[in-house]
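Chemist: Once you have looked at the hints, place chain B on chain A.
Going line by line, the protein sequences match chains A and B. Residue numbering for the first sequence follows our numbering, starting at 461 and increasing by one per position. Residue numbering for the second sequence follows our numbering, starting at 1355 and increasing by one per position.
For the record, the hints were derived by calculation from the structure and aren't laboratory data. Watch out, some of these pointers could steer you wrong.
Using C-beta positions, here's what the derived DEER-type ranges look like [to be verified]:
| hint | chain 1 | residue 1 | chain 2 | residue 2 | range |
| --- | --- | --- | --- | --- | --- |
| 1 | B | THR1365 | A | LYS463 | 30 to 36 Å |
| 2 | A | GLY500 | B | ASP1406 | 29 to 35 Å |
| 3 | B | GLU1431 | A | ARG474 | 46 to 52 Å |
| 4 | B | GLU1410 | A | SER555 | 21 to 27 Å |
| 5 | A | SER542 | B | GLY1412 | 39 to 45 Å |
| 6 | A | PRO566 | B | LEU1408 | 40 to 46 Å |
Which stretches of chain A does chain B cover? Using the computed rule of at least three CB atoms under 8 Å from a CB of chain B, they are [what the hints assert, rightly or not]:
| hint | stretch |
| --- | --- |
| 7 | 495-502 |
| 8 | 508-516 |
| 9 | 563-572 |
We put the CB at the ideal spot given by N, CA and C, even for glycine.
One letter stands for each residue in the lines below.
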Amino acid sequence: DVKVTQSSRYLVKRTGEKVFLECVQDMDHENMFWYRQDPGLGLRLIYFSYDVKMKEKGDIPEGYSVSREKKERFSLILESASTNQTSMYLCASSSGTGGHEQYFGPGTRLTVT
Amino acid sequence: GQSLEQPSEVTAVEGAIVQINCTYQTSGFYGLSWYQQHDGGAPTFLSYNALDGLEETGRFSSFLSRSDSYGYLLLQELQMKDSASYFCAVRGFQKLVFGTGTRLLVSP
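Only chain A is shown next, with the shape it has when bound in the complex (with noise of 0.2 Å):
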């Protein structure tokens, strides 16, 4: 069975921390992507990766940043953490031919205070 494990389900921190949001599939898949999900707006993709140590900005790539060390694990960084990065954070996957089919993570309710 396939899967994508997020380091946590909930994440309370404070303005200014430093937080790191990781993820790790087990299915040997090429792509991984970080979106945002918030109320009214659906998934908004912040970066994705195709390769390991490669990245790409997605649509809201501000305040944030990317790690990919390992084929398996892909991790969202924020530098400084802003009351307007409370929101759910999905990490999903998929096979370098199937990129209309992604694989989720269950999803981290992260919130600003």
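Modeler: Relative to chain A, chain B alone:
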């Protein structure tokens, strides 16, 4: 850029048929995907259309017209468990762009 439009909410009764429409404007179109997301859950893949026409998977079907930049998801024999949010997503080069989602409420 890319933009997608889908209704924010649709209601129906058990056993009925419902159609969720999606129109899109995009540069670089490879196909249209559909995802389902239950409250508190992760999105799960339902179907994908790369070519014009209808794709059927059990009670769910998806349609695409590339010339009209339009697609829909058709759910038949609705069940209470189909109450969820449904997202269309345009597949561009290397990534998906998601619509804002349609909340489907199925009542007894």
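Chemist: Okay, PRO566/A versus LEU1408/B on CB: inside 40 to 46 Å?
Modeler: Once the Cβ atoms are compared, 32 Å apart, the range 40 to 46 Å for LEU1408/B and PRO566/A is violated.
Chemist: Under 8 Å between beta-carbons, do enough residues of the stretch 563-572 of chain A, three at least, approach chain B for the coverage claim to hold?
Modeler: Answer holds; 5 residues pass the 8 Å Cβ test.
Chemist: Is it true that the C-beta distance of GLY500/A to ASP1406/B lies inside 29 to 35 Å, as the hint says?
Modeler: Given about 31 Å between the Cβ atoms, the range holds.
Chemist: Between GLU1410/B and SER555/A, is the Cβ distance one that fits in 21 to 27 Å?
Modeler: Distance hint for GLU1410/B, SER555/A holds at roughly 23 Å.
Chemist: Check, residue by residue, whether the stretch 495-502 of chain A contains three or more positions whose beta-carbon lies closer than 8 Å to a beta-carbon of chain B, and give the verdict.
Modeler: Coverage by chain B holds for the stretch 495-502 of chain A (4 residues, Cβ < 8 Å).
Chemist: If I claimed the Cβ atoms of SER542/A and GLY1412/B lie 39 to 45 Å apart, would that claim hold in this structure?
Modeler: The hinted range 39 to 45 Å holds for SER542/A and GLY1412/B, with Cβ atoms some 44 Å apart.
Chemist: Against chain B, does the stretch 508-516 of chain A show at least 3 residues with beta-carbon separation below 8 Å?
Modeler: holds (count 3)
Chemist: Are GLU1431/B and ARG474/A spaced within 46 to 52 Å by their CB atoms?
Modeler: holds, 49 Å
Chemist: Assuming the hint says 30 to 36 Å, is it satisfied by the Cβ distance from THR1365/B to LYS463/A or not?
Modeler: Hint holds: Cβ distance 34 Å, inside 30 to 36 Å.
Hint violations for this structure: number 6 only, all remaining hints satisfied.
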